[in-house]
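Asker: Chains U and P, in that order, give the protein sequences. Using our numbering, the letters of the first sequence correspond one by one to residues 21 to 639. Using our numbering, the letters of the second sequence correspond one by one to residues 285 to 745.
Treat the hints with care, as some may be off.
Said to hold, decoys possible - Simulated pairs of lysine-lysine, DSS-like, Cα-Cα distance not exceeding 25 Å: (1) P:K634 / U:K472; (2) U:K362 / P:K399; (3) P:K399 / P:K625; (4) P:K634 / P:K361; (5) P:K649 / P:K634.
I should point out that these hints are in silico values taken from the structure, not numbers from a laboratory.
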Amino acid sequence: MHQGFRGGRRGWLAGIVPCLLLASCNGGATSQAPGELGDGTMMPGQPANPSAPANPASPSTSGDGAPQTPGGSALPPGGTSTPPTNNPGTGDPGTMPPGTPDPNATRCEGATPIAPTPLRRLTRFEYNNTVQDLLGVTLTPADQFPPDEIAGGFNNNAAVLTVSSLHAEKYAEAAELLAAEAVKNLSALLPCDPATVGEAACAERFVQTFGRRAYRRPITAEESDRLMRAYTAGRTDGTFAEGIEVVIRYALQSPAFLYRIESSGTPAAGEQRIRLSQYEIATRLSYLLWGSMPDDALLAAAEAGELSTKEQIANRARTMLADPRARRAAAEFFRQWLNLGKLDTMVKSASAFPLFDEAVRAGMKAETQAFIEHVLWSGDRQLTTLLTAPVGFANEALARLYGVTVPAGSSPSLVELPPERSGILTMPGFLAVHAHPDQTSPVLRGKFVREKLLCQPPPPPPPDANVTLPPAESGTSARARFTAHATDPSCAGCHRLMDPIGFAFENFDAIGAYRATEGGEPIDASGELVQTDVDDTFVGVRELATLLAQSQMVRDCLATQWFRFGSGRFDDEERDACALGQIRDAFSASGGDLMEMMLALTQTDTFLHRPVLAEEVTP
Amino acid sequence: MNRRFLSRRQLLRGALAATAAIPLLDAERTRAQSAAYPKRFVVFYTPNGTLSSGWKPQGTETSFTLGPLMSPLEPFKSKMLIFSGINLGAVQNSNYGSEHARGVGALLTARPLLKGNFRSFMSTNAGWASGISLDQHLANTLNPPTPFKTLELGVQVRDAEVRGRISYKGADQPVPPREDPYDTFNQLFGAAAPPSMPGGNPELDRLRLLRRSVFDLLREDIAAVRATLGREDRVKLEAHLDAIRAIEGRLAAPSDMGATTVPAAPAGAACAAPSLGERIDLADDNNMPAISKLQLDLAAAALACDQTRIVTIQYSYAESEHLYPFLGLSRNHHDISHDWKEPGFTEYSKIHTWFAEQLAYFLGKLDGYQEGDRTLLDNTVVFWGTEIGESRLHALSDMPYALIGSAGGYFRTGRFMNYMANGASGRQHNDLLLSIAHAMGTEDTAFGEPGFSTGPLPGLV
Chain U
21 MHQGFRGGRR GWLAGIVPCL LLASCNGGAT SQAPGELGDG TMMPGQPANP SAPANPASPS
81 TSGDGAPQTP GGSALPPGGT STPPTNNPGT GDPGTMPPGT PDPNATRCEG ATPIAPTPLR
141 RLTRFEYNNT VQDLLGVTLT PADQFPPDEI AGGFNNNAAV LTVSSLHAEK YAEAAELLAA
201 EAVKNLSALL PCDPATVGEA ACAERFVQTF GRRAYRRPIT AEESDRLMRA YTAGRTDGTF
261 AEGIEVVIRY ALQSPAFLYR IESSGTPAAG EQRIRLSQYE IATRLSYLLW GSMPDDALLA
321 AAEAGELSTK EQIANRARTM LADPRARRAA AEFFRQWLNL GKLDTMVKSA SAFPLFDEAV
381 RAGMKAETQA FIEHVLWSGD RQLTTLLTAP VGFANEALAR LYGVTVPAGS SPSLVELPPE
441 RSGILTMPGF LAVHAHPDQT SPVLRGKFVR EKLLCQPPPP PPPDANVTLP PAESGTSARA
501 RFTAHATDPS CAGCHRLMDP IGFAFENFDA IGAYRATEGG EPIDASGELV QTDVDDTFVG
561 VRELATLLAQ SQMVRDCLAT QWFRFGSGRF DDEERDACAL GQIRDAFSAS GGDLMEMMLA
621 LTQTDTFLHR PVLAEEVTP
Chain P
285 MNRRFLSRRQ LLRGALAATA AIPLLDAERT RAQSAAYPKR FVVFYTPNGT LSSGWKPQGT
345 ETSFTLGPLM SPLEPFKSKM LIFSGINLGA VQNSNYGSEH ARGVGALLTA RPLLKGNFRS
405 FMSTNAGWAS GISLDQHLAN TLNPPTPFKT LELGVQVRDA EVRGRISYKG ADQPVPPRED
465 PYDTFNQLFG AAAPPSMPGG NPELDRLRLL RRSVFDLLRE DIAAVRATLG REDRVKLEAH
525 LDAIRAIEGR LAAPSDMGAT TVPAAPAGAA CAAPSLGERI DLADDNNMPA ISKLQLDLAA
585 AALACDQTRI VTIQYSYAES EHLYPFLGLS RNHHDISHDW KEPGFTEYSK IHTWFAEQLA
645 YFLGKLDGYQ EGDRTLLDNT VVFWGTEIGE SRLHALSDMP YALIGSAGGY FRTGRFMNYM
705 ANGASGRQHN DLLLSIAHAM GTEDTAFGEP GFSTGPLPGL V
């Protein structure tokens with residue numbers, strides 16, 4: 021029994037349903053039980069005609085961002101196809117000018133319900149950034165924490181991040197280490213001089229100011245009391261500095277620090293959602309755009325009520341995006357989107373790739389950060405540039421792989437690359453993680469494009485598939501080795517969605533070096549895009565990337581990816597439809613400006629609200 | 285940070301003082317000779333299934349020869365129970381996750397996965413396992429008086445998704461393994477601390493006193509926050525509270541209380557911390573054998589010193605693409621595991637045999653600790669498991685499972701148990717785990733997914 025055709029989310033395969041309907045594609049092994057389609061994707065009897073609307077039963081803003089692609093015709097702006105409506109049944113037809121097909125107007129009408137965000141625990145990335153900003157230290161103790169789990173492609177998915185006893189142990193150790201480091205420079209930490217105002221009074225003031233920064237909001241009287249008890253514990257039989265040290269140890273292990281708790285406010289009668297507090301919005305902004313805690317200015321803005329209107333929030337977000345802290349946070353999103361987290365543990369066969377060493381690995385990691393910064397802060401911020409710019413950022417080791425020279429030094433240098441290179445899709449790090457240790461993988465590379473650029477995750481292979489990789493014997497190309505995918509009908513239905521994309525990458529080996537031949541034969545890098553809004557044939561990654569850069573589906577998909585990363589959760593098909601539509605529209609309206617896409621999330625009701633809990637509703 | 289450059293004071297005040305005051309390393313510290321020896325449970329997990337033709341014993345229940353893949357375990361044949369016909373029925377028809385993900389999720393839980401967004405072998409809908417794993421269940425039920433209720437160790441696991449976890453505190457609560465032997469050593473044996481001096485280390489006593497203050501305050505924090513959260517988030521806070529409970533005894537108990545909070549080492553056991561040597565690069569594939577040895581040495585010492593009675597040891601992750609350059613291989617393990625022909629069989633067998641050698645090394649260590657008439661191994665039950673059966677088929681049936689050690693004479697060992705003999709349809713894995721639970725001393729009537737347990741496996745005791 022194979023799970024793949026029944027699992028997944030609603031709308032999961034909206035764009036590639038015809039693949040699933042090939043009887044051969046399931047190897048004849050799926051015995052779909054009735055009633056198991058509750059969360060499934062495939063409706064028996066759906067038309068196999070690829071030109072038919074892919075999934076009429078499902079709203080167009082499916083979670084995976086695949087818009088309907090009616091007959092390959094050009095998509096309307098916004099990439100949505102909800103039919104124009106005069107809001108039948110709402111009793112308020114006058115809110116929309118007649119004839120204006122604004123799909124968001126229906127999705128976003130009224131106080132749209134808000135999907136819950138599970139309690140968000142700081143990731144290792146966020147923890148390190150936060151303690152550095154909070155304490156002015158350079159330590160990165162979260163490197164010793166257990167790795168954050170990756171779900172839905174990102175490691176900040178709140179649903180799967182829990183605290184095990186190993187976490188608790190590491191939190192305690194880190195807090196002790198950080199507190200000891202911080203009190204080395206006590207006067208910088210304190211808002212007062214204990215010799216002048218008295219120790220207890222100064223400790224009180226420290227608890228208030230530090231507590232507000234550590235908990236990212238003013239502390240309550242009870243919290244103040246507990247923090248002072250920590251001070252007293254350290255001060256008793258110890259010094260004033262030890263009292264402060266214990267306050268820090270404690271605060272850094274408090275749930276108010278380790279989690280992003282959003283539970284303030286009292287719901288109005290009958291309301292299903294509640295506006296986040298100013299401080300909660302400040303915290304959402306800072307972790308979204310900086311990957312860290314709010315700074316003093318942002319907390320002050322919250323205190324002054326200056327995060328009230330969407331315009332205020334947009335202005336604040338623009339200011340924040342200009343801050344250097346935004347660079348690390350943005351790079352983190354793109355790094356995870358590109359699956360580059362695997363760079364740390366990626367292994368390559370030393371015999372097949374003697375060029376690959378730790379310096380190359382370091383160069384691969386540094387390049388993403390530099391390239392993202394280049395596009396977003398020095399360049400035109402365009403998705404097109406991200407996908408097609410023939411430039412790289414290389415240290416010396418990576419330059420050797422590229423076949424160019426760079427000045428000596430550790431920081432990566434901007435290098436102009438030959439025209440076969442094309443933005444992120446030909447960066448050696450990207451190419452290397454989407455390959456096997458010993459050979460390239462047209463499947464993994466094609467699958468990345470389907471999954472992360474088009475938001476069409478391919479289904480798993482049939483249960484009886486021979487999934488052994490063809491051996492990388494000399495004299496045969498990858499294309500030749502993978503012919504079974506095209507000729508075996510049980511494979512072809514789905515692999516034709518991935519392999520013809522992946523073959524375009526074959527000029528780049530498993531560590532991302534260019535090669536014109538494989539096994540003595542010239543490489544055929546021709547490929548084909550099917551079941552997208554930019555279907556065409558092409559040769560090489562550059563032509564592929566140029567097509568993708570024109571795709572509405574790709575823009576919409578990236579907006580979905582950003583939503584998931586920024587929200588720390590998977591999108592909810594119904595309740596997030598409005599927000600997703602707004603981000604996609606803003607991204608498209610800006611002509612593919614990545615900064616505008618990032619900013620657009622802050623302008624959604626989803627970003628500014630939480631749902632009212634069942635427990636909060638008074639009977 | 286580089287630990288070698290820390291001052292002693294930093295060590296005491298900082299991270300490495302974590303377990304500093306556990307006064308257990310006195311080799312002389314012994315329990316009265318008459319005391320019973322504790323039972324222990326060890327899980328030895330290796331990825332990517334088996335090659336049944338090389339794994340299965342040939343012969344009858346009591347007269348059989350080991351398959352070639354098991355040959356390193358020949359010295360322990362009389363202490364083994366080897367199974368045929370154990371099925372992972374609880375996940376065979378599950379909707380969520382690939383076979384690898386489902387198999388590893390069920391290995392110790394005997395439950396299906398929840399729905400989620402993890403990727404596993406082209407499937408993208410796997411979540412965490414849906415219930416508690418046997419190791420954690422035993423810890424909860426038996427509540428051993430050891431500093432570590434359980435100890436989870438990993439050898440180059442490198443994966444933080446469902447396929448990289450075998451242990452669960454409960455549904456959606458994976459327990460990550462410790463992958464750094466040097467850190468584990470410090471937690472277990474407090475290498476950075478001065479020799480234990482019960483009541484004689486005021487600085488350490490103060491550190492632990494202040495930790496108690498902090499943990500007490502955290503309990504109040506968690507209770508206050510918990511009250512403001514919804515039901516699902518409360519579960520997270522409760523898990524967090526449990527996590528603090530699990531560590532506070534060994535991190536914060538007064539050091540002069542050590543003699544009462546830390547049980548004495550079993551009588552006669554030569555309990556000593558292993559020597560780790562110079563730190564090696566944990567990321568280097570060529571160091572896998574060295575890392576394996578370090579973790580196995582630590583596990584054996586932790587058991588011998590009664591630091592814990594429940595250990596899981598995990599190699600890599602389910603559907604592992606690990607390379608084995610030290611075995612002269614260049615292709616990745618998962619790839620090799622699906623090869624239907626040579627050289628795949630030979631390459632796969634090399635890795636499998638290496639796993640068996642690691643297990644044999646560990647069993648040898650346990651068997652070297654004399655405990656009265658028996659050995660530590662005899663007082664232990666080691667479960668060797670993997671996430672799929674025949675690797676080439678992604679099978680979730682006829683799992684290649686074996687137990688070694690009799691759990692203090694509970695199991696009748698030295699036998700090959702074929703539950704598919706005479707046309708029988710096999711037994712569910714739930715009942716194997718239930719049998720282990722009984723061997724360890726619980727009175728459970730079922731384990732794992734409801735409806736799959738029918739009682740302990742017949743013929744084992």
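Asker: It remains to establish, for every hint, whether it holds in the given structure.
Answerer: Quick rundown of the hints versus the structure:
With a C-alpha separation of about 37 Å, the suggested pair K634 (chain P) and K472 (chain U) falls outside the 25 Å cut-off, and the hint is violated. Using a Cα cut-off of 25 Å, the hinted pair K362 (chain U) and K399 (chain P) holds, with the two alpha carbons roughly 24 Å apart. Distance restraint check for K399 (chain P) and K625 (chain P): the Cα-Cα separation of roughly 35 Å exceeds the 25 Å cut-off, and the hinted pair is therefore not satisfied. Distance restraint check for K634 (chain P) and K361 (chain P): the Cα-Cα separation of roughly 21 Å lies within the 25 Å cut-off, and the hinted pair is therefore satisfied.
For the suggested pair K649 (chain P) and K634 (chain P), the alpha carbons sit about 23 Å apart, so the restraint of at most 25 Å is met.
Checked against the numbered hints above, the structure violates hints 1 and 3; every other hint is satisfied.
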